[in-house]
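Chemist: The listed protein sequences derive, respectively, from chains A, B and C.
Our numbering puts the first residue of the first sequence at 1, with every later residue one more than the last.
Our numbering puts the first residue of the second sequence at 1, with every later residue one more than the last.
Our numbering puts the first residue of the third sequence at 1, with every later residue one more than the last.
One should not assume that every hint holds.
[Said to hold, decoys possible] With a straight-line cut-off of 25 Å between C-alpha atoms, the simulated DSS-like cross-links for lysine-lysine are:
no. : chain 1 : residue 1 : chain 2 : residue 2
1   : C       : Lys169    : C       : Lys187
2   : C       : Lys144    : C       : Lys196
3   : B       : Lys213    : A       : Lys160
4   : C       : Lys92     : C       : Lys63
5   : A       : Lys263    : B       : Lys213
6   : C       : Lys92     : C       : Lys196
[Said to hold, decoys possible] Far from chain B by the CB rule (all over 10 Å, computed), these chain A residues:
no. : residue
7   : Ala4
8   : Leu72
9   : Thr118
10  : Pro121
11  : Ile124
12  : His127
13  : Glu172
14  : Asp173
15  : Asn185
16  : Asn211
17  : Phe226
18  : Leu258
19  : Pro279
Just so you know, the hints here were simulated from the structure itself, not pulled from any lab data.
Ideal placement from N, C-alpha and C gives every residue a C-beta, glycine not left out.
So you can see what is in the structure, the chains are spelled out below.
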Amino acid sequence: MFWAQLINGLTLGSTYALIALGYTMVYGIIQLINFAHGEIYMFGAFVGLYLVTAAGVNIFIALLGAMLFCMLLGIVVEKVAYRPLRGKSSRLSALISAIGVSIFLSTLMALLRGTNTTRYPEIITRHTYHLGSVDVSSLQIIILVVSALLMLGLQLMIQKTRIGKAMRACSEDLDASYLMGINVNRIISFTFAIGSALAAAGGVMVGLYYNAVWPYMGTMAGLKAFAAAVLGGIGSVPGAMVGGLSLGVMEILGVAYLSSSYKDAIAFAVLILVLIVRPQGIMGKKISKKV
Amino acid sequence: MDAFLTQYIDAYYLRILVLIGINLILALGLNLTTGVTGQLSMGHAGFMSIGAYTAAIMSVHLGVPFWIALLGGASMAALFGFIIGIPTLRLEGDYLAMVTIGFAEIIRVFFLNFEPGGKAVGFSGIPASTTFSTVWILVIVVIFLNARLLNSRTGRALYAIREDEIAAESAGINTTRLKVLAFTLGAFLGGLGGGLYAHYMSYINPQDFGFMKSIEILNMVVLGGMGSIPGTAIGTVILTLAPELLRVVADYRLLFYGALLVILMIFRPNGLLGDVRVYDIKKRLGRKEVKSCQS
Amino acid sequence: MSILTMKKITQEFGGLRALHDVDLQVGEKQIFGIIGPNGAGKTTLFNLVTGMYVPTAGELLFKGQRLNQMPPYNIARLGIGRTFQNIRLFDKLSVIDNVKVGSYAVTRTGFIQNMLGLPRSRREEHWMAENAHELLQMMGLEDKKDEYAASLAYGEQRRLEIARALALKPALLLLDEPAAGMTPAEKEELMVLIRKIREEMSLTILLVEHDMNLVMNICDKIAVLNYGRKIAEGSPDEVKNNQQVIQSYLGVGA
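Here chain A stands alone, though its shape is the one from the complex:
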């Protein structure tokens, strides 16, 4: 029973991790809590749905399509709503702008598709595999594998490529990177693009897993993924992965062993505890202030 719940938790956690990565990368580079990120995730789910149903495409192509669409969406959002505010005004204005985008996008989808839940078709035939005493579904395996591949790919890109190095430089010191000749605007756009693509993947997989999508699914998932990013250490990429997985597991186990009606509160209780006890999260570094 426990192992089954653990697998459930890891599956859910993988989706949280994919969304959390976007939050953490954006925060790491421009110190913005991108409240609109949850809506990108939601758009990913819907685009994937559309591609599968209306365009009749294979699920993996749909996944790629959703990721591509959201990459563009993320880039556009950054350019329109965040870039004009960069460096000029308080962080609060950027935050409010992000909230504005979030409201805009969720309302847009609600207008396009209605506020009701749409079912995701059964695309992947569910086989159940038996590993010892535990049942694992093929869907869970796919989600875990795809997520793992994406996260691995991200880590490799960040650590081994030139653009990854530029990303790391920018998140350390944006001004210095600029002075070093790095095209900071391009790197920021790129960061948004990657984060959005991952969130889109998360959206498609959640749609498949829970068989449901609705325009406001981004809000709660966004807040929870954000909690996951903080748990792992906001600004840290491995942190977001660890945080997302941990949160998923904690939520599922919490529901199984404690209470199901407080499910949503678990993420936030964890968030508050982490911030009080260890604000830099599991993998974050403590930054002391210079006087």
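Since the structure of chain A is already known, use the hints to place chains B and C on it.
Modeler: Same frame as chain A, now just chains B and C:
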């Protein structure tokens, strides 16, 4: 008084005025915490709901008179503000915001499971004791006390914390203590607004106090210009009226609201009034007087 | 009588030792200068005195009272005021409000008294306003009292910071590179101002500075730091001619 007024003013406009009043109290509370002291609180609706449910329960289940219920609700909210404030106010800006979001969500889930509050079905049958005069008398008192506070030693210290905490400490200000104070006072007003709200709508529901509500109030504080009472007032009036005015475009209402926020932030990131404070307006009026004397 | 005493003060940050066994005694009404190359530990020393850091080892005494582990706001209330290397004004407050905030440490009315406008609160307000006016006049900023602090010229901002620090009626005033970024003319004015403050307000001044002309001219006593250690101490003439100081910092022909 209300009966008197309804003879001259349409009930619909009266309702809007009451809502503006309630929102003003909520916004002035958040203004103290976020606008003046610079502690970003994105969970103000949490205090509102504590105030609302506490006051409602006191009225309905305990038969307590209206004003006492209001006080009870506000005090309960203040208590929570105090308890939460102490461990969290030493956190940096963004982290504090995160905690407040988390706190408000936990409160919401709590009330969804809270038997005496009616859980998800909500709490109905609350006596409609809030009248136009109730609200606006309180608004005037709150504005008056606020203005006094902000122009005093304590108020200046709060502003100083927002501007530069380190410099504030070097001037002898116990920043943690004052941050908790601002947070608690803000929570008190949030609870007061909540109690008034509950006794106006006669029905409350945990969904009324979700994240969006916190954001709405935050926008009221930010829109007009943080830290100033006239700024908060303007922001509140505009953002309370906006949904009503936007009713014309009905379904597209929120679309406009979202876009409006983005546009406003891009063009007026410091709010419509920037940082105008009462003495700025007086100074400008003063100048005009001098000019007319000279001619 | 020593107003500020440091006994074997050591300050470590992680693996870095910023100050090592520093002994210092600042006498009453002295103008005491601390000089040394960048990174020598001068600002760390200041931050220690004002309570920003807790000394890793050693004792910090102000008028005989131990300052170790005391929070900055308490230290300010004891009568130590400071200015900052990178100006830290309350930008969006008016000039006069900046100074009034400075007197927070020496006033007592609480928020309830403030809100209700009780007589005690009003009297304190009156006192704070008078105090602020006097200080602004001394600094030549009286005519700009209602301007936003951020709108002041650089030199004026520095003077405003000093006014704010003086508002708490300190017995000890810490000036962190007060002449930084000033023109020679402004520096002359600053020297006159510092002497004037010491006389009229009967206080002790501890300052960190890079401008040798200023330091040699107004300081009664100077201590030299290098790599976290005190390498010399004495009158300006003594320090000027100290071999070690010349080698590590001043250079020949200073």
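Chemist: If any of the earlier hints don't hold here, list their numbers in rising order.
Modeler: 3, 4, 6, 17 and 19
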